[in-house]
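Novice: Sequence:
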Amino acid sequence: MPRLRVLSGREVCRILTSHGCSEARRRGSQIIMQKVEQESTISVPVPDHKALRTGTL
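In case it helps, this note's numbering puts the sequence shown at residues 4 to 60.
Because the hints were derived from the structure by calculation, they are not lab data.
Since the model is a prediction, treat every value here as computed from it, not as a measurement.
One thing to keep in mind: the hints can contain errors.
In the EDC-like style, the derived pairs of lysine to aspartate or glutamate whose C-alpha atoms are separated by at most 20 Å in a straight line are [to be verified]:
1) K38 x E26
2) K53 x E26
3) K38 x D51
4) K38 x E14
5) K53 x E14
Label pairs and their in silico Cβ distance ranges [to be verified]:
6) G31 x R56: 14 to 24 Å
7) R8 x E42: 19 to 29 Å
8) E42 x P5: 15 to 25 Å
9) P5 x A54: 13 to 23 Å
10) P5 x Q41: 16 to 26 Å
11) R6 x T44: 15 to 25 Å
12) H22 x P50: 14 to 24 Å
13) S43 x R6: 28 to 38 Å
14) K53 x R30: 29 to 39 Å
15) P5 x V39: 30 to 40 Å
16) H22 x A54: 29 to 39 Å
17) R28 x T59: 30 to 40 Å
18) S21 x P48: 25 to 35 Å
19) E40 x I18: 30 to 40 Å
Virtual Cβ for every residue (Gly too), placed ideally from N, Cα, C.
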């Protein structure tokens, strides 16, 4: 199985944005990304660090 890439918080936000999420708010080093669907809202907190550990999300 291939190894997972090490991504920064900003790279994760860019990937989530390309999949339809938008930045809902930012507080300190946490970025909250949200995707609104028909009957629900999906929220994903993303730490804004240089490198996220594998398994953080």
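Novice: If you check each hint against the structure, which ones fail?
Specialist: 7, 8, 10, 11, 14, 16, 17, 18, 19
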